[in-house]
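So the sequences go chain by chain: A, E, V, H and P. Residue numbering for the first sequence follows the numbering used here, starting at 1 and increasing by one per position. Residue numbering for the second sequence follows the numbering used here, starting at 282 and increasing by one per position. Residue numbering for the third sequence follows the numbering used here, starting at 563 and increasing by one per position. Residue numbering for the fourth sequence follows the numbering used here, starting at 1136 and increasing by one per position. Residue numbering for the fifth sequence follows the numbering used here, starting at 1709 and increasing by one per position.
Hints may be right or wrong, so weigh each one.
[As the list claims (entries may be wrong)] Label-pair restraints from in silico Cβ distances: (1) E:503 / V:718: 40 to 48 Å; (2) A:219 / E:540: 25 to 33 Å; (3) E:326 / A:246: 34 to 42 Å.
No wet-lab data here; the hints were simulated from the structure. No residue lacks a Cβ here, since even glycine has one placed at the ideal position from N, Cα and C.
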Amino acid sequence: MSVDTEGTTAALAARDYKSSVKPVWCPGCGDFSVLSALTKALAEMQLPPEQVAVISGIGCSSRIPAYLNTYGFHGVHGRALPLGVGLKVARPELTVLVSGGDGDGFSIGGNHFLHACRRNVDITYIVMDNQVYGMTKGQASPTTAPDWSLSKLTPEGPGINPFYPLVIALASGANFIARASTSDPNGTARMLVEAIRHPGFSFVQILSPCVTFQPEQRDWKKLVRPAPVAATSDPAKAARRLMTDDNLFVGILYQGSREPFQPRLENRLEHPTELEEQFAV
Amino acid sequence: MSVDTEGTTAALAARDYKSSVKPVWCPGCGDFSVLSALTKALAEMQLPPEQVAVISGIGCSSRIPAYLNTYGFHGVHGRALPLGVGLKVARPELTVLVSGGDGDGFSIGGNHFLHACRRNVDITYIVMDNQVYGMTKGQASPTTAPDWSLSKLTPEGPGINPFYPLVIALASGANFIARASTSDPNGTARMLVEAIRHPGFSFVQILSPCVTFQPEQRDWKKLVRPAPVAATSDPAKAARRLMTDDNLFVGILYQGSREPFQPRLENRLEHPTELEEQFAV
Amino acid sequence: MNPASVSIALAGSGGAGVLTSGNALLEAAAQAGWYAYLSRSAGPQIRGGESVTMLRICNDPVESPDDTFEILMAIDWRNFERFAAEIPLADNALVLGDADTGPPPGFLTALPVRYHELPLKRTASGIAQGRPNMLALGVLAELIGIPLQTITDMLNRLLQTKGQVALDAGVSCVTAGMELAQKKLPAVQRLPAPAPRSPGERLLITGNEATGLGAVRGGVRFVAAYPITPATEILEWLAPSVDKAGGTLVQAEDELASINQIIGASFGGTPALTATSGPGMALMLESIGLAVAAEIPIVVVDVMRNGPSTGIPTKSEQADLGMALYGLHGDAPHLVLAPTSVADCLFTTQWAVHLAEALQVPAIVLSDQSLGQSRAVIERPADLTFMARRETPASVSDGYQRYALTASGVSPMAIPGMAGGQYTADGLEHSPVGTPSGSAADHAEQLHKRQQKLSGFNYGRHWADIEGKGDTAVITWGSTTGPVREALARRKAAGHTTRLIAVRLLAPAQPASLGDALAGVERVLIVEQCHGQQFYRYLRAHYELPGEVRTFCKPGPLPIRPCDVLTQIEDWL
Amino acid sequence: MNPASVSIALAGSGGAGVLTSGNALLEAAAQAGWYAYLSRSAGPQIRGGESVTMLRICNDPVESPDDTFEILMAIDWRNFERFAAEIPLADNALVLGDADTGPPPGFLTALPVRYHELPLKRTASGIAQGRPNMLALGVLAELIGIPLQTITDMLNRLLQTKGQVALDAGVSCVTAGMELAQKKLPAVQRLPAPAPRSPGERLLITGNEATGLGAVRGGVRFVAAYPITPATEILEWLAPSVDKAGGTLVQAEDELASINQIIGASFGGTPALTATSGPGMALMLESIGLAVAAEIPIVVVDVMRNGPSTGIPTKSEQADLGMALYGLHGDAPHLVLAPTSVADCLFTTQWAVHLAEALQVPAIVLSDQSLGQSRAVIERPADLTFMARRETPASVSDGYQRYALTASGVSPMAIPGMAGGQYTADGLEHSPVGTPSGSAADHAEQLHKRQQKLSGFNYGRHWADIEGKGDTAVITWGSTTGPVREALARRKAAGHTTRLIAVRLLAPAQPASLGDALAGVERVLIVEQCHGQQFYRYLRAHYELPGEVRTFCKPGPLPIRPCDVLTQIEDWL
Amino acid sequence: MSADRSKPPAGGADYTVDELLAHSLAIEAEAEERYTMLAEQMEVHNNDEVAKLFRRLAEIEGKHVAKVQALSGDTPIPHIAPWDLRWQGQSSPEAPEFDDLHYLMTPHHALELALQGECYAAEFFADIAASASDATVRQMAEELAQEEREHVALVEKWLARYPKPDRNWADDQDPPGQE
Ligand SMILES: Cc1ncc(C[n+]2csc(CCOP(=O)(O)OP(=O)(O)O)c2C)c(N)n1
Ligand SMILES: Cc1ncc(C[n+]2csc(CCOP(=O)(O)OP(=O)(O)O)c2C)c(N)n1
Ligand code: SF4
Ligand code: SF4
Ligand SMILES: [Mg+2]
Ligand SMILES: [Mg+2]
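All chains, please: the whole structure from these sequences, using the hints.
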C-alpha cells in the first residue's frame, strides 16, 4: 500500500492488490488477465484489501486468492461457493468474491452453483471458463464441446450436451449475469465492478483460454464480440436473448432486483443463559 | 402374474407389478396415486417385471421400489440418478426408472439432476414433488414457496427463490420434459408410458401432495389444468412457454430428439491379456 | 423399603397421544420435584404409527433406562409385539389395557404380570372432548402419586392456547383417570416424596436441545445444516435461538454445503457449528480435513443412529466412532468428544466449542439418538467459563505468518477485516506464511505443528468422568455411560467398589491420564453399543490396558441396561 | 565387484525433455535386458516447470529407489535446489552439467562429488533439430553401457511418427553424446551384462497401468470416475482398454456420481471399479457404506498422495490407511488391500476384483503416487485364475431371499433380468428378503452375516508377502515394502536373516496368520510412510505383537530408502 | 379442473357394447384394487375398523368384476388403455380418490366415500342407458346401474349405523414433528 508524503493513505493502485506470490500458471494462460482485471476493479472501487475476501476451490484458476493481497481461502474442489456464502452471511460487511474454474464450479460444484443463484447472497462469483480441467491435465469439463477428443478419458469426445452457465444462472435466479473475455481486461474490470456493486448474487463467466490443453482458445479474442443489446432486468427477455447466444457474446445479460438473502444478526439477549429459561422447572 | 388355462402367460395387469409390501405412506399421500399410475403404465407396456429396475434415493417418495414387483434399489439420499445411469449404461437392455422426491432430487441431488439431463442416458426420472421434506418431518425443499413458514428450521420461511425443475431440465438438456398431477392417475400413467418410450433422459415432475406437512396441497386437484398447447420439440418454444408457467399446468412440455448416450459395449478382444502386449519388452 | 425409581411404558397407535401424555406425565413429575427420563420408540410410519413412550421417575438424577418396567399402560395394543423387546416387564408388573380396544397380545398375559382392564375409551367418550390418553395420564399420575393440582397447573400451561373447553376436558379426564385408578387398581408402591425444590433450579430438556444450548453458550453464532434424523431437533432449537443471540442458522442444500458454510463463517471469525448424523457426517469428511489443514475451528455434531448406510434412522448405536476418529484422509489430527449423558450434551458441546476455537481445529461431538431424543430433568448447569476465545494476533505487520511455528503449535489467526493480516487459508500443504509448498521440510513441520497443538494441550480433568475405586474398572463412553454408572452404583450399594471411566475426550487419546486412572486395576471391562468392537479396538490402539481385558459389545437398537452390565461383571468375578 | 544397480537423476527445466530422455533410457535399458525403475518429481507448474527423472537400472527386478544416486545429469540447473532432498548423491558421484546454461548450485559442488562439464547445448546446436536432452541420453547410455544399436532401435520405434529428420537428429545426438562421454568423462563402473531374454517375457509398465490391467483381467467392465492426481492415469489407460474388452468408462460429474454409477452397474451384474485419491475417496465413503449394506461388490482404488486435505497432490504418502479401514459410518465390514510393488498393482487389483465379487462387498485398494506413477520392468504375470465370479441363485422361485442367511454369509444374488428374482437392494437395515426392518433381531443377524462372510473366508497365502527367518521381523505394507525388502536383502547378504511381512490384505485383519508368521520373533519393527503411526495403531488394535515393538514412521513426500530401514534395524540390534 | 366424476363424456356417451364392457370392467377392477390399497393403508396405520370396511368393499367390487366378466360371456372384453377410457372426471367414477383418506378417518367417512363412489357409478351407467342408441347397451347399462343402486342402498344402510363423528375427529394427539 503506498502512503503519500502527508502521511494519509493515498489511493490504492491495482498493484496494491497483488501479493508477492508468483503465479504458477502457464505463460499465455488467460487467468493472468483475470488477475489483472480483478486488481483493477478493486482499485477502482478503492476497497481496503482487508475488507475483501476471495474464495476459491481447486484448479489452476482457483489458485487466484494467493496472488492477491486480500484475505483469501483456497478450499477444496467444488466447494468455494458454500465457503463464500457462509463467510458473507456471517460477516455481511465484507466484500466476498468467489472464483474458480468451470470444472470446479459446474461439474463437482454444480449443485452449489444452482443453490447459490437461488439463495442470492450478496457475493460475486467469477468463473474462469476454459472448457477444460487444466490442473489435472486436460479432461473434458461440463462446458467442453461434445466432440472434443483430446482427452484420454474421452477419446471420442465426451459426447454430451454442454452446460450453459448463463442459462442455468438465469433459470436458478441469479441477480446479475454477465460474460466477459480475457481479451478485454479493462472491459472485464468494469464488468467486475458492476457485478460487485450489484446487490445479491452476481455471476460473471470469463472466457479464459487454457493455452496448454485448449490452444485453439487463443482464437477467442478474434471471435468474441459485444452483446448486441443492453442488460435487461426482465428474466423473460434475458431468456429469449440466450436462445440466440453462441457463447461468444460478452456483456451484461441480466440485472435483477431480487432482495439479497441476509439474516439480521442482531443480538436480542441480555445473556445467552436467558435461552435456558424455557427449560426451567 | 396371472396364467391362463392353456399355460401360456396371460397379459400382465397393473397389480402384477405390485409387491406384497404395504406402503408406510400416510393415508392421503399423493405417492399412492403415483404407485398406481406407474403400475398401470408398466402394464400397458407389458414390460416383464424382471426387465424393469426402479431406483430411488431416500425420502417418503423414495420408498416406492419396495412396493413394486420389479427389481429395485433404494440407495442413499440424493444419489439415485447416478445409480440409475450406471445401471442403464452397463445394462442397456433393461428399462431403468429413477424416482424420488424434490428434496432428494433437487436439493442434495441437484448436481446429478443437471448432469443426468446433459448426459441423456435413456432412463426416466420421476420426481414426486410435494415441495417439502416429508420423511424428515417437514422442512422446506428447493421447490417450497419462499414464505412457507411452517418449518421450525425456517420459521420465517426459507426466503429464497424456488427451484423450477422444468426450467432447469430444459436448460440442462433433458430430452423429454413433462408435468403430471396425482389427481389424474390415468393421465399420469399415459405420460409415464410416453416418457419411458421416449429415447434419452425423460423427466416427469408429478405434483404429489404431502397431506401431512403441506395439507393445503389437497387443493392442487382443483388448480391443476392441462397445458394449453401441445408438446414441442423446439427448446426455444418450450422455454418461452415456461415463462408463463404457473407450475400448475400439466402436460408434456418438450420432446427432443437428441441421441441418447450409450457406449457400445462390444468386446473386441480374443482374451483380456491381449491388452498386455503394449507393455511387453 | 421404597423403590428407587418407577418405570412406565405407555403404548398406543394412530394418534392415540402417548407422546403427549408421556410428556405431560414427565412434566408433572418434574414439577412435583422428581427427576425423570423419557424416551420413545415408534413404527416406520410418518404419523399414526404405533408408538411407546417410556418414562422413568426417580428421586435422584437419572440417566439410564432401568432393567425393567413396573407399569405398562396401553391405550390400545395394535402392533405392540414390535416393542416387546424394548419393554422388558418386571415380575408382577402392572399391565393395564382397555378391553374395548381389544385384548392384550397373548405373550403378555403369559408373563408373570398383573393384568387389569380399564374402560379408558368408554369413560373418555362420556366427557366432552374427552380423550383416552388423558385418562391414562390421570391413572398413571394417581399410581405414582402426583397430586391433581400439579397436573392441573401443568395442563393450564400446556393447553393455554387450545381454549377453555380443551382445558376442562383435560382436567376432567385426568380426574376421571385418577378415580378409575383408585377404584379399579391395586396400590403400587410409590416413590418417596421428592425433596422440595425452588422453581427454576433444574431444566427439563432433551439431549438435542442441551446440545444446542451448549453451542450457544460456547459462543456459536453461525449454524448451517441439512436436516437428518435424529439430529434435526438440534437445528430446530437452534434456528430461533441462535437468531436471538445475534447469529443465524442456514438450511443448506446438502451436507457438503453446510460443512463448507460453517468453515467459511469461522474463517470470518464467527464460531460455527453443524449437526448431522452418520450419512451426513460421511459426506463432510473431506471438508473437515480442509478445516484441519487450514486450521479453521468448527464443531460438527454427529447424533448417531444405527448403521451402516441408512441403517435404522430412528434408533441408537455407537458405531460412528471409527469414522469420527479415523475417517479423514491423510494425517489429520482433530478433536473427538462425546457427552456421557443428556445433561452432559450441554457441557460437552460447550467445551467442544471452546476447545475447537482455542486449538483452531475441528471438533467432532458424538452424541446419539438415545441421548439426543431422550428428555430428562437435569441440574441447571453453572455458568461455565468455557467460551470461544480464539487467539488472534495482537498486531499484524508485514511479516505476518498465519501458520507460524509457535511453542504451543497454535498460531494467532488474523480475521478478515484486520488490516495487514491478509493471508490465504489453504488446504494445500504450506509454509508458515501460508504459501503452497511441496517441500518435505514444510510438510513435516506443519504436520508436527498440527499434531502437537492437540497433543500438548492440557485438557484438565474433563477428559473423562472417573468415579469409584477397586481393582476392576469399566471403561465406556457416550450414552452407555448411564447404564454402566447405574450398574456400578448398584454394586457399590451391595458393598463392591468398581471404577468407572467414561471417556469424554476420545481424540487425542490421553494415555497418561488413563494410565493414572487405571493404577492398580487388574480387570478391565469395556462396554460399548456397537457390533464391531470399535471402542475396544481404539483403546487397544492408543492405550495400555492393564490385566485381563473383556469386552461387552452389543449393537443397537436395544439399549444396554444396567443389568446387562452387572451380569457381565458378576459372571466374571 | 560389479555394482548391483546404478541410479541416475536427470534434471532440467522448461521443456528440456528430461522425462522423454529418461523414459527413452528406461526403455533402452529394458530392451538391453536390464530391470529398471523410473520415478519423477516436478515443480508445481502445469508445464515448463523444473523437473527430475530418476532412474535405477539393475540386473535383478527392482522395486525401490536406491539410497543414493551415482550419476546426476542436468540439462540446466534452474530451481534444482528444490530437488536437493530427493536426490541424495553417492560419494564420488558423477555430476554432469552444461556450463553454457549456468553453473551448478553451490551446495552441490561443496559435496564430495566429481563434477564435469559437458557442452550439451553447444553440441546440439550443431546438429539439425538437435536437442540437448538427446545428447544427455547418449552420454548416459554410454556411461551405463547400452549399445548404440539398442538406442537406435528404440528411437526408430519411438520417433517413427515424427519422420526421418527427427529420427536422424535423434541418432546423431545420441551418437554425439556417446562420443562426448568417451572423450570427456571418466569411466564409471558398469553393471554386468544382462541375462539374455526372449522378447515379450517382461512388461514395462507403471503401477497405474498395472492397476488398470489387473482390473480388466479380474473382469471389470464398467468404470466411472472423476479425474484426480495421481489416479488419472489408471483411468486414461482404462478408457480405451475397457472399451476394447466390451465395457465402458464414464467420466462422471463428481466422485459422488462415480461411486454410485459403479454401484448401479454392479447391481446390474457388471463388475465395476472406480479410481481416485484421498479427497475423492473421502467423498465416496457414504456410498461405499451403501454397497456394504446392500451387499454390492465394487472396487475402489485410492492412489494416495500427501494429505491432509489437498495436501501435496503430486507426491506419495501412506496416510489414507485410517480412512480406508475405518472411514465408513456404522459397522461396515469391507475389504482393504494394498499392492506391495509396481508389479503387484496388477495382482492385487485383480485379486480385489475377485474377492469383492466372491464376497459381494466393496474392496478398497490402497495404491500410492509412488507405485502408481513409477514405471518399472516387471515379470510378465501368469494368467492367474482370480476372476470375478459372483454367486447367483441357481434358480429363483417365489420365496427368493436376497439376503438369506447362509453358512458362508454370502447370499446368492439375483441379477436384473432373472425372472422371479426381483428384490429391492436396500441401504436400510432389512430382513433376509430385503424388506426394511428396525428390529433388533434382524439388525444383529445382518450385521453378523456381513461381518462373518469376510472373517470366515479363506484368503490363502496372498494375505501377505512373508519372507526370511530370524527373531527380528519388519512389518510393512504398500510401497514401503520395496525399500524394506531391499534393506533385508542387504542384511541377508551380510549374513543376518530378518523376516519381512508385507501385509497385502489389511482388512479383515488376519491375526492367526500373522501370529504364525511371527512365531519365534522377539523384535518387531513397523515401517510406514506417514506421520500419525496409522499402520502401527492398526496393528496394535487388531493383532498381538510379540516382544519389543518399534516403529519407523516418516511422512512423505521423500521416499523411504533402504538405508533408512537398515539404520533403524542396525541401531536397534 | 376437477370435473364431475359421475358423467360419461360430454356429448358422446354412445358406447358400443364392447366399450361399455371395457369401461365397466375398468371401473369395477379399479374399485376393487383401490379398496384393497386403502385397506392396506388403514392396516399399516392401525385403523382396523376402517381397514375391515375397505376389505369388505373390495370383496364386493371383486364380485362386480366377475359379474361384468359374466355379462360379456365368451367374448373377451377388449382392452382400452386407462387414459382412453371416456368419462368426464380424471379418475374412474367409482373408486375413492387417494387424497380423500386420513389415517384417523372413521367408518362414517369411509362409508361416505363409498357411497359417493356408488352413486357416481350408478349415475354413470344410468346416463349411458339413457343416451345409448344400441338396445343391448341400454339394457346392459341399465342392469349395471341397477346393481350400483342396490349398492347405494346397502352402503346407506351401513352408514346409518355410523353417525357423523364430532368435528375434532382428525385432532392428532401426537402431531408429526412434535418430538
Ligand atoms: C474431490 C476432488 N476431486 C478431484 C480433484 C482433482 N482436480 C483438481 S482441479 C480439477 C479440475 C479443475 O478444473 P477447473 O475447475 O476447470 O480449473 P482449471 O484448472 O481449468 O482452471 C480436478 C478434477 C480434487 N482436487 N478433489
Ligand atoms: C446424507 C443424508 N442427508 C440427510 C438425510 C435425511 N433425509 C432423509 S429423506 C430427506 C428429505 C426427503 O425429502 P424428499 O426427497 O422431498 O422426499 P419426501 O419425503 O418429501 O417424499 C432427508 C433430508 C439422509 N437420509 N441422508
Ligand atoms: S494448464 Fe491451462 S488453465 Fe492451467 S495454467 Fe496452464 S494454460 Fe492456464
Ligand atoms: S409425510 Fe407427506 S410425503 Fe411422507 S408419506 Fe406422509 S403425506 Fe406422504
Ligand atoms: Mg477449467
Ligand atoms: Mg418432498
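Here is what the structure says about each hint:
| no. | hint | result |
| --- | --- | --- |
| 1 | E:503 / V:718: 40 to 48 Å | 41 Å, holds |
| 2 | A:219 / E:540: 25 to 33 Å | 28 Å, holds |
| 3 | E:326 / A:246: 34 to 42 Å | 41 Å, holds |
Going down the numbered hints, you'll see the structure goes against none, and every one checks out.
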